[in-house]
Structure formats: structure tokens, C-alpha cells
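> Protein sequences, first through last, are from chains Z and A. Following this note's numbering, the numbering of the first sequence begins with 1 at its first residue and continues without gaps. Following this note's numbering, the numbering of the second sequence begins with 1 at its first residue and continues without gaps.
In case anyone wonders, no lab produced these hints; they're calculated from the structure. Treat each hint with caution, since some may be false.
[Said to hold, decoys possible] Cut-off 27 Å, straight-line C-alpha distance, at most; resulting in silico cross-link-like pairs (DSSO-like, lysine-lysine): (1) Z:K147 / A:K96; (2) Z:K172 / Z:K51; (3) A:K143 / Z:K147.
This structure is a prediction, so every number in the text was calculated from the model and none was measured.
Below are the chains, spelled out letter by letter.
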Amino acid sequence: MLKKIKLEEAVGTQLAHDMTEIRPGEFKGAAFHKGHTVCNEDLCRLQKMGKNHLYVIDLDEDEIHEDQAAAILADALAGDGIVWKNEPREGKIKLLAEKDGLFAVDTAALAAFNMVDEVMCATLHNHTLVKKGELVAATRAIPLIMKRAPIQRAAAIARQNGALLAIRPIRKAKVGLVITGNEVYQGLIEDRFAPILSEKVNALGSEVSEVTYAPDDAELIRKAIRSHLDRGCNLLMLSGGMSVDPDDVTRQGIRSAGAGEMHYGASVLPGAMFLVAYVGDVPLLGVPACGLFHRITVLDLILPRILAGEKIGKAELAFLGHGGLCKDCEECTFPHCPFGKGI
Amino acid sequence: MESFEVLLESSAEAHGHLCPGQVVGVRMAMLGCRLIGLDAPRRHDQIKKLIIYVEMDRCTADAVAHVTGVKLGRRSLKFMDYGIMAATFVNLETGKAFRVVSTEAARSLANSYAPEIADKYPQQLEAYKRMPDSVLFRVQQVKVKINECDLPGPTRYKTSCSRCGQVVRDQREVIQDGAVLCKPCAQESYFTDAAEVTWPDMNWKPENSLKQSRKDARSELL
Chain Z
1 MLKKIKLEEA VGTQLAHDMT EIRPGEFKGA AFHKGHTVCN EDLCRLQKMG KNHLYVIDLD
61 EDEIHEDQAA AILADALAGD GIVWKNEPRE GKIKLLAEKD GLFAVDTAAL AAFNMVDEVM
121 CATLHNHTLV KKGELVAATR AIPLIMKRAP IQRAAAIARQ NGALLAIRPI RKAKVGLVIT
181 GNEVYQGLIE DRFAPILSEK VNALGSEVSE VTYAPDDAEL IRKAIRSHLD RGCNLLMLSG
241 GMSVDPDDVT RQGIRSAGAG EMHYGASVLP GAMFLVAYVG DVPLLGVPAC GLFHRITVLD
301 LILPRILAGE KIGKAELAFL GHGGLCKDCE ECTFPHCPFG KGI
Chain A
1 MESFEVLLES SAEAHGHLCP GQVVGVRMAM LGCRLIGLDA PRRHDQIKKL IIYVEMDRCT
61 ADAVAHVTGV KLGRRSLKFM DYGIMAATFV NLETGKAFRV VSTEAARSLA NSYAPEIADK
121 YPQQLEAYKR MPDSVLFRVQ QVKVKINECD LPGPTRYKTS CSRCGQVVRD QREVIQDGAV
181 LCKPCAQESY FTDAAEVTWP DMNWKPENSL KQSRKDARSE LL
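Chain A with its partners taken away, still in its complex shape (with noise of 0.2 Å):
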């Protein structure tokens, strides 16, 4: 794994900014990734082995995910809407987790360790570094248990929905009055009054673009 600088550098430029949240990330996932015995999670030959559960959606999570390389379309990072900020690291090869928690004892303690500057942010952000581990974290050992169908890896399970035959994966289908329903239908979702709707420009495509390169390529050859 590279230094913390190094992370952390590169950590503030994929998010966007550095912040105390970019620190405390870094840190979490460095701390996460030895208790399970990965020195560098994103190589080929680890990040198979690694699964982070994220409980936040903040600027910790980003660096979390940075530093590690677990992403959400490979199914090695799972968002648990906590609002807590901590990340559980898994080794699926060895099955030990860890739950690395932020404490917030380190927010008030800030000042002691960064008395030097006066603005909240900038104090955080210093004090996160020089603060240890054991005062920065909690951790606790613990067991996860992952189903098959949330594993990386190919869809193992598909249905359909018996209301709107939307097709649904990964035994994310919920069942009412033993009908197979997605969630929409089962009015779990996060939107309502779904209408249909048609939209400008409906038959665009990227197919122009990609003629455009190949006359390109071919003139450049010519």
C-alpha cells in the first residue's frame, strides 16, 4: 500500500477536496485493511478477497473506497445507511471482519492535539493526522454474514415481476400474497407516481461518434 500522504493526495483529488472526512477515511481504510491482512487491496491477487461495508454516505466513504478500490458495480462496497460513521472490512478468504469505528471523542479532542489553529476544519484536519489509531478508531471484531446473491461475481438469480414483468435480480424481489412483486410494484420504493414519458432526441446513439473516430483513424492512416 502506498504512505498515507500519497492516499491521502490522491484520495482528496478523486473526491474533490480535502477535508477532515478525506483523513479519517484514509486512516480507516489503511487500519481496516491490515486487520484482515491485505497490504494492497486494490492489486489483482487482493481485491477479489475484500468486501467494505460502508455506513455513511459522507466524505469518509469516498476515501474509504479510494483507497481500497472496493466499488459499488463490483459489489466489493455496500452503502448500509447507517449514518454512523464506520466500515466493516471483510477478507472473504479468511472470513475475519473487523468494524472500524470513528470516535467521536476525536472531534472534541481536536484541540488538544492541533491547539496551535484556530479554525474548526483545518484544526480537524491536522489533529486527524497526528492522532493515533487507539484515539481515532474503535474496533470490533466481527461476523458478517453475506449471502450468495450478494457476493461479486456473475447475477445467480433472476425473476420477473409478476405485476410489470420488470425482470429483478439477485433475490431482490419481494414476495406479497405469493406473488413474486419487484419493489416498485411492492411499493417499496423511493419514488412514486411513475408515469412514462417520451423525451427529446429519442433515437440518438453513440453510433455517429464512433464512426466520426474510425473516418479519424482512417484518415490518419491515409
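Looking at chain Z on its own, in the form it has when it is part of the complex (with noise of 0.2 Å):
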């Protein structure tokens, strides 16, 4: 339990937790550490902060302190990827990525741990792309000294499924691209499709293997896209044919080519026509004409993703539609804006 004691009988007693003090748009921290013997010079420091009572710490066999606490919830907070120092600063631990790659949040597992009184954890956005070194999440508990019980309810809580926070890699994938229209394919138009999404396989790490070029035919789709996968292919993209023209047979060649997977349709704007299958493992993912002309679209969502190896289905596909509406603004300040962060 906690003993309140005036501040001139403090002198020579050990302080009980950090005392942050904040000088308004000069300085914020902490004034004085957990564990600091008060001494007279002390004293006219605290009484500016406005402190006239100090604690004095009297633990009983079922309560811990708030540091004690923090390091139980970060190491169950922290999964594969993501580091922390038991090092509480104001009770205070800072959880960071150890490795690049695809921040993983369980939300539902976040708010349970939230629900507990006395413990919160505040958390980049799920499938965020982080640096190593990156802080990803901080924690704490609430109150100075707390019963020991709901901390470690709140730990189980963050591992119900392993653990509540990790960093999925993101894998180097072989990518092969598939390019429908006949307009394309007969050399009426420039493709501008293959180098977009080579640019954005390139700036997570993958590479395109090879890209191929299929009229509005499903039969010579279909022979483009067992070709790649014939020489190796993990992912697939193909671009062109996913609307509801009659030319558009895109998705008929994926179903032919043995697609055992295939959701059409996301709740994205832009990307509403979008289109994820699979043929075994392999991932194949149908671009609609809208990244053609909005430099950010769903498959910005959803290729980190993937290469993360997360499986996509109709739910992920779903739930993508809070937060999945782009504000076409002037200036795109993607990823640092709301779009496709309300899961």
C-alpha cells in the first residue's frame, strides 16, 4: 500500500516512483527517478511542481509496483520481432520493432487487455510497415501499486494467441505479371500498368520476374498465368479485365487456371473491382484500371500484406471498408493519413 507523507518529513526517504514534471512548451520528464533519496535542496523543486505529500511504498505480498507491472505486460505484449528494455521510464515501457517488416496487432486481443482496469497498451496501427528500431507500441500500468492478480489477467489477455504484438517479415517474392487488354496487347496503347506495379513490388524488397502480355482471351490468360507459376512464380498480379465489360474474361482465365480461391470485390475506394485468388498457395492478385490513375489504391493495403504471408479472404477483403474510402487529396500524404486504418 501507499503512505502519504508531508513533504518536510520526506527528506532522507526514497522517492516511489519518477516525478514528471512538465514546464509548458520547455520541458517534460522526469524532474526526479523512482529510487532517488529526497534531500533538503530537494524540497523547493517539488513544492514548484506542486507537490506538498510524497509516497512512501509499503508493498504487500499481492501488490506490485508499476514497473514491476510494466515489464509483465510487455513481455506478453511482445511477440516474434519486437523488443523492449525493462528500462520503465515513468512507469512507463517502449516496445520497438527488431527487425523491418509488417506491424501485427490482434485488436480484439487489444481491447480485452484495455478493458482490464489499471493496464493500457497504445499501438501503431495494425499492418503498419515499420523500421527496425521503430516504436511500435508503449504500455503501462495505471496507478503506482496494484494487486498483482488483474496484471497478470491482463497477460494472459495479450497471449491468447501467442502474443498481442509482433513484426511479420516482409518475404522477397518472384513475382510474375500478367497484362490483359487487347488494346495492350495489339499495341493500340502504351501499357503504363507493368512499370506501377513493378515500382511498388520493388519498394518492398520483391522483384518481378517477368511480365507477359494477354489479349481479352481467357484461354491465353489462363496460359500466362500457369506459365509463371510453371517457371516459379510465389505472386501473381494481373492488371486489365476486372470490370463488368463483356471483353473483361481476367477472371475467368484465373478460374480455369485453378484458382481453388477467388474473392472479387473489396470495400476500398479506390480498388472496389480488386480481385484476390489462390491456385494452391499462390497468391494472385487482380489490379483493377484504378492504379492506373490513383498513385494510392488498395493494393497498397493489401500487397504488404501478403508479402507478410497473410492469407486474404472475403473478410479481410470486408473489413477494409472503415477507413477504406481515399480523400483523393491534392497532395497524397499516404501512409500517413487515414486511409486503410480502421482495421
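Take each chain as given, in its own frame, and dock them per the hints.
Below, the structure written as C-alpha cells:
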């Protein structure tokens, strides 16, 4: 438990917690650290910080200090690729990315964790691309002293599916592009899809191994897909032929190439006619024409997740709806905007 | 103990419908029994070791009773009218007791665990299946002092009301000004204005139906 003592009686005692000082616009941080022995010279500064009393800690058997609690919580939260140091500052522990990758948050478990009284964890958005060393989350216990059991329950909640936070490495994929459309195939217009898609693939560390052009012919599209698969491509991207025109047969081609699972339509604008299919374990992404006109589309939300090994199905595409509306700003600031952040 | 799915199905059938409270109750019972070390509470060798105090008369209470086999008439089920979604599981052999409390947070979290379902009750039902025990419940180890007159087994104590003569069992009598009273006479009952009446067919008894069944049995033999 905590015992309150008057400031003038505190000389010689050790501080129970970091004492935060805020000088507006100038400084916010620990003026005194936990464990500091209060001396006469400190009294004036503490008074200026508005402190007339201090706490002395006398822990019961079933109680723990906020620093111990923060360490228990951080340990439970941190999964693969997350690191932290047991050096709480003002009761708070920061969790950092141990490597480059896609930050993954079990959002239901996070909500459940934060519903436990007296604990908190704040994170970056789920599916954020992060670099090694980047701050991805922080946790703390709210009171200075608390019962041990709720902290351990919060830790159990954090571990319900392994760990609540993780960094998923982005794999290097061998990508095959299939650019469909009679107009491009026949040379009536110049293809602009291949360079755009290649740039997005390269930006994530993968490479396009080959680009194949096919007319609006389901059989030729099927052959192009099979050819990429036979050459060992482990991610295929197809452009064109994704809309509702009678000439748009890309989906037929994908189906006949052996796609066992196919999800057409994403709750994102731009990108409603996006398609995700799987031939065996190999994902096929059908990129609609919006990919030519908008710098950022549904592809930018899904591609990193695919490369991080996530299986994308109907639910994943549907849940993008909340936050899935691009505001089409004059100056695009993605990923520093709400687009795709609602999940 | 049977699997959760089997228990939920039979519990819903016994209760009359499948509802979120059934899911919570079945899981509460499974957790409570696990905590006090009973893996087959309805089995003969375990049935007498268990007493459960339920703190609500809602769907969850039926599920807890169904899964564990505790019964009011067997005195293994105690109803404490607290209006709290909780039940305490007592192992009479070891004396260990755990109070399992359904968290209010679980209700708020249903949307997080079953976001694809929009309707409230179907969403809760599915979410309560998906949540781990750590989210669905809080548990307290507690001490439960059970009076001898509350234990299962034969009636240990009887007395009579000094006002109306009614026999009162298990020390439920009230002493007022030195007099032994039943609760109705002591004005502690749930009813008022009791007036004895007569009713139609006052002499009915099941004897006739017994006779009929005997006749049936005889005709089958002939």
C-alpha cells in the first residue's frame, strides 16, 4: 500500500516513482527518478512542481509496483520481432521493432487487454510497415501500486493467441505480371501498368521476374498464369479485365488456371473491383484499372499483407470498408493519412 | 466432461433456447469445475463433492446447473439472489472454492471478437465462444462456510412453529421474543393475505391411473 507523508518529512526517504515535471512548451520529463533519496535541496523544486506530499511504498504480498507491472505486461505483449528494455520511464515501457516488417496487432485482444482496469497499451495501426528500431507500442500500469492478479490476467489476455504484437517479415517474392487487354496486346496503346506495379513490388523488396501480355482471351490468360507458375513465381499480379464489360475475361482465365479460392470485390475506393485468388498457396492479385490513375489504391493496403504471409479472404477484404475511402487529396500523404487504418 | 459443443447443445435443449447466456453458463461451469478439480461432476463419485452458489436466476444459471448436474432439491445448487453474473464452485472434499464472475467487459468486446455479425445477440453468442476464459471471466478464490443444516443429505433438524404448528426444517425458523416461528408467521414471507380455500376435485389422487396401468399390464400378460 501507499503511505502519504508530508514533503517536509520526506528528507531521507526514497522516491516511490519518477516525478514528472512539465514546464509548458519547454520540458516534460522526470525531474526526479524513482529511488532518488530526497534531500533538503530538492524540497523547493518539488514544491514548485506542486508537491506537498510524497508517497512511501509498503507493498503487501499480493501487490506490485508499476515498474514490475509494466515489465509483466511488456513481456506478454511482445511477440516475434518485438523488443523492449526493462527500463521503465515514468512507469512506461516502450516496445520497438526488432526488424523491418509489417506490424501486426491482435486488435480484439488489444481491446480486451485495455478493458482490464489499471493497464493500458497504445500501438501503431495494425498492418503498418515499420523499420527496425521503430517505436510500435508502449504499455504501462496506471496506478503506482496495484494488485498482482489483474496484471497477470491482462498478461494472459495479451497471450491469448500467442502474443498481441508482432513484426511479420516481408518476404521477397518472385512476382509474375500478366497485363491483359486487347488494346495493349495489339499495341494500340502503351502499357503503363507494368512499370507502376513493378515499382510497388520493388519498393517492398521483391522483384518482377517476368511480364507477360495477353489479349482479352480467357484461355490465353490461363496459359500466361500457368506459365508464370511453372517458372516458379510465387506471387502473380494481373491487370485489366477486372470490370463488368463483356470483354473482361480475366476472372475466367484465373478460374480456369486452377484458382481454388477467389474473392472479387474489396470494400475500398479506389479498388472496389480488386480480386484476390489462390492457386494452391500462390496468391493472384487482380488489379483494376484504378491502379493506373490513383497513386494509392487497395493494392497498397493488401500487397504488404500478402508479402507478410497473411491469407487474404472475404473477411479481410470486407473489413477494409471502415477507413477504406481515399479522400483523393491534392497532395497525397499516404501512409500518414486515415486510408486503410480502420482495421 | 463432454466437449463444449456437446454441452452447449444439450444445455440449450434443456433450457429451451440457445442464447449468449447459455454459452457463458456452459463455459463458467467448465472453468469452475476445472478450478476445483472435478472433471466429471455428474458422475456418481463426484456428484456429492460439489456445491454451486449461483448469484443470478438467468439463462446462465440453468446452463451451470445443466453442465454440472447440481440441483436445488439435492441441495447442491444454492441460489443467492444478488443479480450478479457469477457462480461459486465449492469442492466439499477439499474445501476449495472459486467464484467465477462473468466480466462486463466481455459485452463491450463482442464487436471486436465477432465483427462480421451485426445483430446484438448472435454477435454476443459467437463472440463468447471465441473469447478466452481470461476475457470472459474473473476468478476469485474464496472461503465458503457452509452450515451443517445447508449440506446435502437427510434433514438434520426439525422444529415446529409455535404459532401455526407448521414443521420447519433445516433451522429456517425465526426466533421472535423467545418464540419459535415459521417465516410466514414471522412476517418474512414473499406472500401476504393467506386465506385457506377449497378447490374442485379435492379428492383426486393418482390411484386411478395406477389401476389403469395395472390393468394394461395384466391384459398384456393375457
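> Run every hint past the structure and note whether it holds.
Taking the hints in turn, this is what the structure says about them:
1. The straight-line distance between the Cα atoms of Z:K147 and A:K96 is roughly 22 Å, inside the 27 Å bound, and the hint therefore holds.
2. For a cut-off of 27 Å, the pair hint linking Z:K172 to Z:K51 is broken: about 56 Å separates their Cα positions.
3. With a CA separation close to 19 Å, the supplied pair A:K143 and Z:K147 stays within the 27 Å bound.
Of the numbered hints given earlier, the model fails hint 2 alone.
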